[in-house]
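Number of protein chains: 2
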Amino acid sequence: MGKVYLVGSGPGDPELISLKAYRLIKEADVILVDNLVLGVKTLIPVDKEVIDIGKIAGKHKLSQDGINELLVELSAKYDTVVRLKGGDPYIFGRGGEEAAVLKAHGVEFEVVSGITSAVAVPASFYIPLTFRGISSSVTIITGHEMEEKDESLNWDALVNLKGTLVILMGVGNLAKNVESLLGHGMRADTPVAVIEKGFTVDARLVTGTLQNIVDVAKDENVKPPAVIVIGDVVGVREQLKLLTNRV
Amino acid sequence: MGKVYLVGSGPGDPELISLKAYRLIKEADVILVDNLVLGVKTLIPVDKEVIDIGKIAGKHKLSQDGINELLVELSAKYDTVVRLKGGDPYIFGRGGEEAAVLKAHGVEFEVVSGITSAVAVPASFYIPLTFRGISSSVTIITGHEMEEKDESLNWDALVNLKGTLVILMGVGNLAKNVESLLGHGMRADTPVAVIEKGFTVDARLVTGTLQNIVDVAKDENVKPPAVIVIGDVVGVREQLKLLTNRV
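First to last, the sequence lines map onto chains P and Y. Taking numbering that gives the first Met the number 0 as reference, the numbering of the first sequence is continuous, increasing by one, and the terminal residue is 246. Taking numbering that gives the first Met the number 0 as reference, the numbering of the second sequence is continuous, increasing by one, and the terminal residue is 246.
Looking at chain P on its own, in the form it has when it is part of the complex (with noise of 0.2 Å):
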């Protein structure tokens, strides 16, 4: 029986996978991967046994029991099996309960964290999740989880925590989980970012404030995937950025 490695491969910079990441890929038996920005597939040896999720199930994504399935049938076939994430396995990557499947099944598994795109890519528009003086915590939330009623938030005390906040994954629901801040009496004029296709060659920011973001996000004709960044930290990036190209 083989190794599974729930391997995170960063925010989409080649150059933000860790070392070891890389030595696993090149290591690896099979590697099975899924919504992976072109420049990390870049990574992955082209003689390399390579398993596209998106591919297999065609439009319809196989869903996470299909993968965790999938998971300990490799694991029975190959001694190095790799399963590369963007992001961190463990910040709403699955990796826990991929990782839970695995040891039920008796299956021999490693998780290798990788940087998250929810510190990564704000840094990489001169957004700092933290300041001295401007924002003491850190919150990460993803808009998908919203949608299910038993992981309802306690959007009151993200409102009263006044730190800052990441969500991953939010673009759909970016209207309603807007309301939820304001309905709980987050400051209308509280800064939002909103960053498209992180690290890729279409990386753009879009900012606003709670008040206007839903409008300047339609009218900019956002999609996913994106990192909505809420709080004062935005406006730190008027103090750091660069006279660059890019931004």
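Copies of the same chain are indistinguishable here, so a pair counts whether it falls within one copy or spans any two.
Here are the computed lysine-lysine pairs in the BS3-like style, where the Cα-Cα straight-line distance is at most 25 Å:
1) 60 <-> 76
2) 2 <-> 240
3) 161 <-> 175
4) 240 <-> 102
5) 76 <-> 40
6) 240 <-> 76
7) 161 <-> 240
8) 222 <-> 60
9) 25 <-> 2
10) 175 <-> 222
11) 47 <-> 60
12) 54 <-> 76
13) 2 <-> 102
14) 54 <-> 222
15) 196 <-> 222
No lab work stands behind these hints, which were simulated from the structure alone.
Here the structure of chain P is known, so what remains is to put chain Y in place on it, guided by the hints.
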């Protein structure tokens, strides 16, 4: 005038540094380090010029202002200055403050994100910060920050969020912080993990509940640095941990 790279070296495992950080270490004309774990230091070529801030300042650590000045000075002397930090520069790493000073002096800089200890150290002891049905938010704070009145945290909100709470640099204030959480109504049986010296040969996990963790940490003589995780995800560890020598 040179360029300053504010580089995250990750959680301490030399293999969890990014390809970019590793490249910059090799390309640097000078590297500024402080409190890096030994493993990461071994990545630095022996003939490289290294300034160890701890050693300059002797027993008294160089102040943040002193470090900022030094970075500006070095940028005038060298083409490529690497400021190597533990974890990620923007997760309570003072990267924002250093970037702001560099910008104010017209010095070109770039932040290279790293894997934060907040995520990777718990992962190394089978604790996922998020888990479906158990935690729908992750909040990272620091134990140090809280001593400053102007950045006082809203403990009530932290408790009511009912997500995963990670405290960095929190050993010194553990008793005070636990008292605040209990005082604001967090369940006394909330699981707590304190992970000391993550990714070193002395890495150690101590677990308990909010009720007893202060005594447990005292009995076990827990010392900084440590990552503290508070929340039900700590209990997931029992489901995920493998039978290995280490844990």
